[in-house]
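Trainee: So the sequence lines, in the order shown, correspond to chains Z and R. Per the working numbering, residue 1360 is the first one in the first sequence, and the count goes up by one each step. Per the working numbering, residue 1360 is the first one in the second sequence, and the count goes up by one each step.
By construction, these hints were calculated from the structure, which means they are not laboratory data. Certain hints may be false.
Claimed, not checked - Pairwise CB distance ranges, derived in the manner of DEER restraints:
1. Z/Ala1648 <-> R/Gly1432: 51 to 57 Å
2. R/Gly1670 <-> Z/Glu1817: 55 to 61 Å
3. Z/Thr1747 <-> R/Arg1515: 25 to 31 Å
4. Z/Pro1396 <-> R/Thr1671: 40 to 46 Å
5. R/Ala1755 <-> Z/Arg1394: 51 to 57 Å
6. Z/Gly1573 <-> R/Arg1507: 50 to 56 Å
7. R/Gly1594 <-> Z/Glu1817: 56 to 62 Å
8. Z/Thr1747 <-> R/Glu1845: 49 to 55 Å
9. Z/Ala1770 <-> R/Lys1538: 54 to 60 Å
10. R/Asp1504 <-> Z/Arg1651: 30 to 36 Å
11. R/Thr1747 <-> Z/Gly1683: 51 to 57 Å
12. R/Met1360 <-> Z/Lys1361: 42 to 48 Å
13. Z/Glu1817 <-> R/Ser1707: 32 to 38 Å
14. Z/Gln1682 <-> R/Thr1747: 18 to 24 Å
Claimed, not checked - Computed footprint of chain R on chain Z, listed as stretches where at least three residues anywhere in the stretch have a Cβ under 8 Å from a Cβ of chain R:
15. 1377-1389
16. 1557-1569
17. 1655-1669
18. 1721-1735
19. 1748-1760
As the list claims (entries may be wrong) - Partial chain R-side listing against chain Z, Cβ under 7 Å, derived:
20. Gly1670
21. Pro1697
22. Leu1723
23. Ser1726
Even for Gly, the Cβ is constructed at its ideal location relative to N, Cα and C.
Protein chains: 2
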Amino acid sequence: MKIALKPNSAVPLYLQIKEHLQKQIKRGVLPPATRLPSTRSLAEELEVSRITVVNAYAELAVEGWVQAHVGQGTFVSDLRRGVERAGIGEPFPLTGTGTWQTTLLRPPGVSASNMLADMLHLSQQPDLISFAMGAPATDLFPVRDFRRAINVVLRRDGAEALQYDGAAGYKPLQATIAKYLQARGIKARPREVLITSGSQQGLDLAARVLTEPGECVITESPTYLGALDVFESHGVRVMGVPVDEEGMRVDILERLISRHRPRLIYTIPTFHNPTGVTMSQGRRERLLALARQHHVFILEDGVCSELRYSGTPLPALKALDRQGHVVYLNSFSKILLPGIRVGYVVASGRILERLVAAKQSADLFTSSLMQRALAEYLAAARLEHHLTHVCQVYKARRDAMLEGLARHLPADAHWSTPQGGLCLWVNLSSDVSAVQLYLTAIGYGVAFAVGSVFFPPEGDRPPDADGPDRRPSRSFRLNFAAHRPELIELGLRRVAKALREEMAKRSVCTNRAGEAAAVVTG
Amino acid sequence: MKIALKPNSAVPLYLQIKEHLQKQIKRGVLPPATRLPSTRSLAEELEVSRITVVNAYAELAVEGWVQAHVGQGTFVSDLRRGVERAGIGEPFPLTGTGTWQTTLLRPPGVSASNMLADMLHLSQQPDLISFAMGAPATDLFPVRDFRRAINVVLRRDGAEALQYDGAAGYKPLQATIAKYLQARGIKARPREVLITSGSQQGLDLAARVLTEPGECVITESPTYLGALDVFESHGVRVMGVPVDEEGMRVDILERLISRHRPRLIYTIPTFHNPTGVTMSQGRRERLLALARQHHVFILEDGVCSELRYSGTPLPALKALDRQGHVVYLNSFSKILLPGIRVGYVVASGRILERLVAAKQSADLFTSSLMQRALAEYLAAARLEHHLTHVCQVYKARRDAMLEGLARHLPADAHWSTPQGGLCLWVNLSSDVSAVQLYLTAIGYGVAFAVGSVFFPPEGDRPPDADGPDRRPSRSFRLNFAAHRPELIELGLRRVAKALREEMAKRSVCTNRAGEAAAVVTG
């Protein structure tokens, strides 16, 4: 297969390949059911990296021009049934969303666990553009560098890299992370860095050590689904504090502390998940003062905090903590690779001891091979370079999504403008339920995370609770980082189409036939 | 360096190399502080595999002829301070055993967590021969095959192998394990195999799902330390049932069930840890009948059950289970590689659902890269070959330890003769405390696991509880699999020396000077 690539073109190579193939398919040069060359052989022929061809094929697949069959290859689609024609027009069937739909129609807050599983399931559907997961972009994973690190470790350490190791972690990794944290203003001795299997395990261990069933924990409302899941599974009552543009409403927090005497406040101060907002310096200080005054622990979730694209960095709560009230957790899942399952918790004294004991009881230790490979990768000083690159790409994607939202969403919709992280938060002012919108949207081949699932079951509503921005049922979360700008644009057009359809239905219901036509064409 | 190796000799190559170097050191050809060639360069020069040289150096290091300095190389020791001269004679200092000694002197049962950490710590002390851990032998790890599997996966799946995955596990791995289990008489659908981070996590998840704090769980007494740790951390009361040559005393179990109404019976029926005994067919059936009759779940720990060296295989309880009373757990830690942290739980229905939800809450999912690499390794059909080899080697080591015990221990000591697994169990009839013996033994450069730590805090004593075989304080566990026969012999000589010293002290205490001399020379 000959494709005349222009290496110096502004159009990326993968798009050149994609467009060439797309034309061939349109012209019938490549008829339906034709098997495309393997990505490896085409890459060799064109003298490009394999990932370039993989990306080209992925683009074609998403738009319905080709279909991949595992173990068999990639085939030209039958365009009469293709997604591209249906495009953002006609709905196409999607299998396997039964659970998700069922779950969504339950009351909010009861099913964090199902929700996570279903978002993952959706993100793996071919042809569906999913903005639902909080996952980083696979196209940026430093696979080759990490493979090199694994091979270095296995050649150097041999069997030792695969034997049992201590629960607290591989010592050189603990030391490297302590140094990494110090550059971010967090002082920790190496032995105060407990290695966990992702930050989710950090959350689970912290819940084991810092809470008892029946006690109260305060979180932002909305908050990270996995945290709701952990607290629910430990039998802990979760009270939510609303969030505004400056992060957690500490004025409301103070009332809740006095009333409910919580053991723990769980917070994501920087690039909060799911809303994307960042807690202001003033609120950080006030939060710490409250924790000190009322003898409450703070569990600070630093996940994504390194992914900043604009604005001035603010210190972590842990960096401001003088009394040891803050237990800090983070991971390498969002900034590097989720599949290695390495995160960490920073604590000290008796809490650290209990966390290490809990870790040992939970799973003895985190994969020694993954820990050593990560230590090797970090020692080779590749992370800073990788982070710089990732932040550039994610910034462009964030901007693409913000522009797309402005272009496609109605004027009465609002959304956050995060200075970093992976996700932003949309509030629909119009009288459309996010769940209903979701069900229509997946029919058009796009998914997002329905907002209601991120809200703890209990909590104070702010004075303006009935305002459009605070209604869980009208909100949803979009991942802006996982897809390239072209796919973001395509996905948002699908969302907008679904939204118009839902608004039309509303109008039909309330106003009968009168205004419907106008909305449908709007 | 020239060494005339005899490839057809009965003496293994690594021992030929070791003996050659040892002679050179003795003769002063290689004076103290000489740096030996790197293992890689010597291996190339001698045209042997690198592991052969690594093993030769390890032998020299254990006997004190050389010392390895990480990152610098291996150097000839100063023999005036060498371990070999002190050998099994003079004690040599050992750092870092503070915690272990302190822990041992606490009442039994309170400190499972510390115990595990300390055994690991000891196993990593250079120059100390540790029989303490339940770990497999590093010299048998299929490092090269596993490295190949990782590289195959990363080349084939790229970033997908490092992205988020579902909590239940990587589907092809679930399917492969289901097939593997079927060959062992356990019928499970792929989706009934939940992938966990080692069997320890399987235990933890099962405890979360199948028990509530304050409830009662029955275990064998003694039992696996990590299980005691899990149940303790979940606030579950553990009642112990004694073990004899046929495994758990089901007659006593029946009384305990009626009295304490347990939710769960945790058992290791095959090559029980720590005693090495195997539950008879009759007792297996009786146990299942009791569980059925009293509506109690059984948590069957199948770890090590594939490592059989003699005797007839018996069916797993799970293979005999018709009513779904048995939740089965196992891992690849003992039969393959602990450092990949992959185990599994087999369950069905509502329990499976709850286990998957608990897994997701605990750490989202087990490393997708490690799961895929394991699936690739298993698909290449390397496990059966590896198991055959490992069982041959471990059988020889078990036999070496049994012969060594017969040679070196006094006539009134007893020990189990396991048909498989990694460990055996020693009872001292003489009036010597295992803790005291331990403290003396580590001074001689050998460690074992003191028996008392494996006993649950509560439980029935059998009628012959005061007999010598049942006294926790007189028993200890030896790992026979982790070391080569020469080291087993050397280690047992050190144990015997320590035992003679302890018996002498006893005699001095009780009989004054009278019989002491006879014992010391005995």
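Trainee: Should the hint that proline 1396 of chain Z and threonine 1671 of chain R are 40 to 46 Å apart at their CB atoms be regarded as holding?
Mentor: 55 Å, violated
Trainee: Is the listed coverage of the segment 1377-1389 of chain Z by chain R valid when you require three or more residues with a beta carbon under 8 Å from a beta carbon of that chain?
Mentor: violated (count 0)
Trainee: Go ahead and decide if the range 30 to 36 Å is satisfied by the Cβ distance of aspartate 1504 of chain R to arginine 1651 of chain Z.
Mentor: 55 Å Cβ-Cβ, so the 30 to 36 Å window is violated.
Trainee: Would you say the C-beta atoms of glycine 1670 of chain R and glutamate 1817 of chain Z sit inside 55 to 61 Å of each other?
Mentor: 59 Å, holds
Trainee: State, for the Cβ atoms of threonine 1747 of chain Z and arginine 1515 of chain R, whether the hinted interval 25 to 31 Å holds or is violated.
Mentor: Holds - the Cβ-Cβ distance for threonine 1747 of chain Z and arginine 1515 of chain R, about 29 Å, lies within 25 to 31 Å.
Trainee: Against the range 18 to 24 Å, how does the distance between the Cβ atoms of glutamine 1682 of chain Z and threonine 1747 of chain R compare: consistent or not?
Mentor: 59 Å, violated
Trainee: Tell me if glycine 1670 of chain R is really an interface residue toward chain Z, meaning its C-beta lies closer than 7 Å to one of theirs.
Mentor: Constraint on glycine 1670 of chain R not satisfied, violated at 28 Å.
Trainee: Could you say whether the range 51 to 57 Å given as a hint is met by the Cβ separation of alanine 1648 of chain Z and glycine 1432 of chain R?
Mentor: About 55 Å separates the Cβ atoms of alanine 1648 of chain Z and glycine 1432 of chain R, which means 51 to 57 Å holds.
Trainee: When you take the CB atoms of glycine 1573 of chain Z and arginine 1507 of chain R, is the distance between them in 50 to 56 Å?
Mentor: Check passed, 51 Å falls within 50 to 56 Å.
Trainee: Against the range 56 to 62 Å, how does the distance between the Cβ atoms of glycine 1594 of chain R and glutamate 1817 of chain Z compare: consistent or not?
Mentor: At roughly 25 Å between Cβ atoms, glutamate 1817 of chain Z and glycine 1594 of chain R fall outside 56 to 62 Å, so the hint is violated.
Trainee: That 42 to 48 Å hint for methionine 1360 of chain R and lysine 1361 of chain Z (C-beta), does it hold up?
Mentor: With Cβ atoms ~58 Å apart, the hint is violated.
Trainee: Could you see if the CB distance from threonine 1747 of chain Z to glutamate 1845 of chain R stays within 49 to 55 Å?
Mentor: 54 Å, holds
The earlier numbered hints that this structure contradicts are 4, 7, 10, 12, 14, 15, 17, 19, 20.
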